[in-house]
Amino acid sequence: MIDHSVGRLPRMLTPDILWTGGCVEFDSFGRKYHGHMSSYLVLGSKKTFLVDTGAPFHRHKMMKDVEECLAGRPLDYIFPTHCEYPHAGLLPIWMERYPNAIAVGNLHDYPLFFPKLKDRILEMTEGQAVDLGDRHILFLPAIWRDFKDTMWAFETTSRVMFVADGFAFLHFHDENECDRTTSESATEPTAKLFQHYGETALNWSLYSDVRDTFDDLDELIRMVKPTMIAGAHGPVIDNPELIVPYAKAGLILAGQKGGVIPADTAPPAVA
Amino acid sequence: MPTSASIMSANSQEGGICILIPGRLFAIGASVDLKKSRPLFVHDAQSGWLPFQLFVIKDGTDTLIVDTGLPAHEDVIRDGLRQLMGQDAAQIFATRREFETIENLPWMLQEFNIKALHLVNTMMTAGVQTVAFFESLAAAMELAASEAHVASIVGAKVQWVKEANSVRVGGLTIEPIRSPIYVLSTYWLYESDSRTLFSSDTWAFLSRSQDGGACAVGEARILGVTVDEIKNHLIAKFGMLQGTDTRPVCNRIRDLFDRYRVDRICPTYGCVIEGQKAVANLVEKTIEALVLIERLPRRSLLDGLRDNPDVARLLRKRSSSSRDTLIKATQ
Numbered sequence: 101m102i103d104h105s106v107g108r109l110p111r112m113l114t115p116d117i118l119w120t121g122g123c124v125e126f127d128s129f130g131r132k133y134h135g136h137m138s139s140y141l142v143l144g145s146k147k148t149f150l151v152d153t154g155a156p157f158h159r160h161k162m163m164k165d166v167e168e169c170l171a172g173r174p175l176d177y178i179f180p181t182h183c184e185y186p187h188a189g190l191l192p193i194w195m196e197r198y199p200n201a202i203a204v205g206n207l208h209d210y211p212l213f214f215p216k217l218k219d220r221i222l223e224m225t226e227g228q229a230v231d232l233g234d235r236h237i238l239f240l241p242a243i244w245r246d247f248k249d250t251m252w253a254f255e256t257t258s259r260v261m262f263v264a265d266g267f268a269f270l271h272f273h274d275e276n277e278c279d280r281t282t283s284e285s286a287t288e289p290t291a292k293l294f295q296h297y298g299e300t301a302l303n304w305s306l307y308s309d310v311r312d313t314f315d316d317l318d319e320l321i322r323m324v325k326p327t328m329i330a331g332a333h334g335p336v337i338d339n340p341e342l343i344v345p346y347a348k349a350g351l352i353l354a355g356q357k358g359g360v361i362p363a364d365t366a367p368p369a370v371a
Numbered sequence: 006m007p008t009s010a011s012i013m014s015a016n017s018q019e020g021g022i023c024i025l026i027p028g029r030l031f032a033i034g035a036s037v038d039l040k041k042s043r044p045l046f047v048h049d050a051q052s053g054w055l056p057f058q059l060f061v062i063k064d065g066t067d068t069l070i071v072d073t074g075l076p077a078h079e080d081v082i083r084d085g086l087r088q089l090m091g092q093d094a095a096q097i098f099a100t101r102r103e104f105e106t107i108e109n110l111p112w113m114l115q116e117f118n119i120k121a122l123h124l125v126n127t128m129m130t131a132g133v134q135t136v137a138f139f140e141s142l143a144a145a146m147e148l149a150a151s152e153a154h155v156a157s158i159v160g161a162k163v164q165w166v167k168e169a170n171s172v173r174v175g176g177l178t179i180e181p182i183r184s185p186i187y188v189l190s191t192y193w194l195y196e197s198d199s200r201t202l203f204s205s206d207t208w209a210f211l212s213r214s215q216d217g218g219a220c221a222v223g224e225a226r227i228l229g230v231t232v233d234e235i236k237n238h239l240i241a242k243f244g245m246l247q248g249t250d251t252r253p254v255c256n257r258i259r260d261l262f263d264r265y266r267v268d269r270i271c272p273t274y275g276c277v278i279e280g281q282k283a284v285a286n287l288v289e290k291t292i293e294a295l296v297l298i299e300r301l302p303r304r305s306l307l308d309g310l311r312d313n314p315d316v317a318r319l320l321r322k323r324s325s326s327s328r329d330t331l332i333k334a335t336q
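Protein chains in written order, with the numbering used here: chain A, 101 to 371; chain B, 6 to 336.
Just so you know, these hints were derived from the structure itself, not from any lab. Be careful, since some hints might not be right.
Sample of chain B residues facing chain A (criterion: CB under 7 Å; computed from the structure) [said to hold, decoys possible]:
{"hint": "1", "residue": "PRO44"}
{"hint": "2", "residue": "ALA50"}
{"hint": "3", "residue": "LEU310"}
Computed from a prediction, not measured in an experiment: that's the story for all the values here. From the three backbone atoms N, C-alpha and C, an ideal C-beta is built for every residue, glycine too.
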């Protein structure tokens, strides 16, 4: 598997973590913009773990990437971060492809939606963990979320925090940026690129003061100390101290547009 | 024009079919035992059996299906649709793109004669001024993603719902209305002939005391519903409202019910609410509930982690191997 940036996914973030999926492309104002739809595969020494099931139009490519990365190993766990189609919609497909895989996460409602899979569902809650051998996946509360069942997850060896719809932002496509992390990107992100997802994936940011969530977010980051923040809808963040303020600023912009945050609110300081 | 018949006669059931207006409006579905399988979006205080349903609107040979019901109830839904429409041509309108509203689409599209599918876009502007840059950006992105999504699972023609575009069913005109309360983009539907509002996941909370399909409740039941019950329903599904300024939502609801006379509310789950007085009473109490919700404090999401020794132990693990660091781009 490719282990450095070549402009497109898949990419090994570490020798044991695959970043796969793809982007949705569109033209606006003379530029190409992309929005990621990412999934991640973690290779533990004993067990393997997939984060999110991906978008249908990337399905064949993703399944090929995962199969190649597994190199004959089974896929043991599939973690849909929340019950929304880009994240959980392909669960039956993955479960059919890997008949011994277990779906894991906050999956209390899944027997109603996928009755045929009800015997292969392992409910986990925040604070619980799955043992992959040489590392664990610790389930965390999703500070920024749309659906109530959303969980974030933390891989304890490389210290990658998987954040579902959190920290989502667009990227310009001029420089073949699709597989670049934030420290490798040719362009610095802007709060506006975070604002877009603040208004679409996280609708509440338009009518709810997002600043009420910042204490929890800051405390979680202090507690977990991630080296990377890997979301479903944005480049992997490998310099969180620089990028987290942009993410906050983007959601503040959404709140200002919605009228719930004063227009003269200063953006969070960049570290 | 069909009127709200009495609860008893309009609530008759044949198998999984509940007849709300004879010959015109039906609900098909079954219930979930909240003791055994309470969905996460249903409040802990709720008890009994919660009906989940889709709705079928018929005018002559034209049919509109609103939402697709729970996959766990696939057999009941299939039998009901066969009974009500056979191979008559029909349209489907999905009020939102969540599992309890569209997961049954693939088999329904294959087994029945579905000529059009109305899907909501996930970009909601909700009347807030938008910067043109983001509106065109979001619209273009969502269209590309959504069309590909739907095309990858079904082959039916897709109509993207816009508030201005009514849906014709025979002689009926059914109007999409952006929901004032939502997690993902949600559209209500208003059918003016019967004054029926299809409210998706709003007011989707009234359970029944025993197992069974969809059913309707009237003024007597609604008068007994407390503001707290409505508050609990709203925060269970729309938790982001807690501690926020709910006045815009309240104003929008008032405006909608000033504009549209509603004699019946049909939610995707929960009992149907029957009668203009029942609806009015429910809406009044909803406004009160939203005021209460505004005053609820937000709680930290980290309470369960802070003093958890297992979490502390896992977070103490350190990587000493250079192999675990990011493999950087090489020049």
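Cross-check of the supplied hints:
Using the Cβ-Cβ criterion of 7 Å, the hint placing PRO44 of chain B at the interface with chain A is satisfied: the shortest such distance is roughly 5 Å. For ALA50 of chain B, the interface hint is violated, the least distance from its beta-carbon to any beta-carbon of chain A being 16 Å, above 7 Å. Below 7 Å, beta-carbon pairs count as interface contacts, and LEU310 of chain B has one with chain A at about 6 Å; its hint therefore holds.
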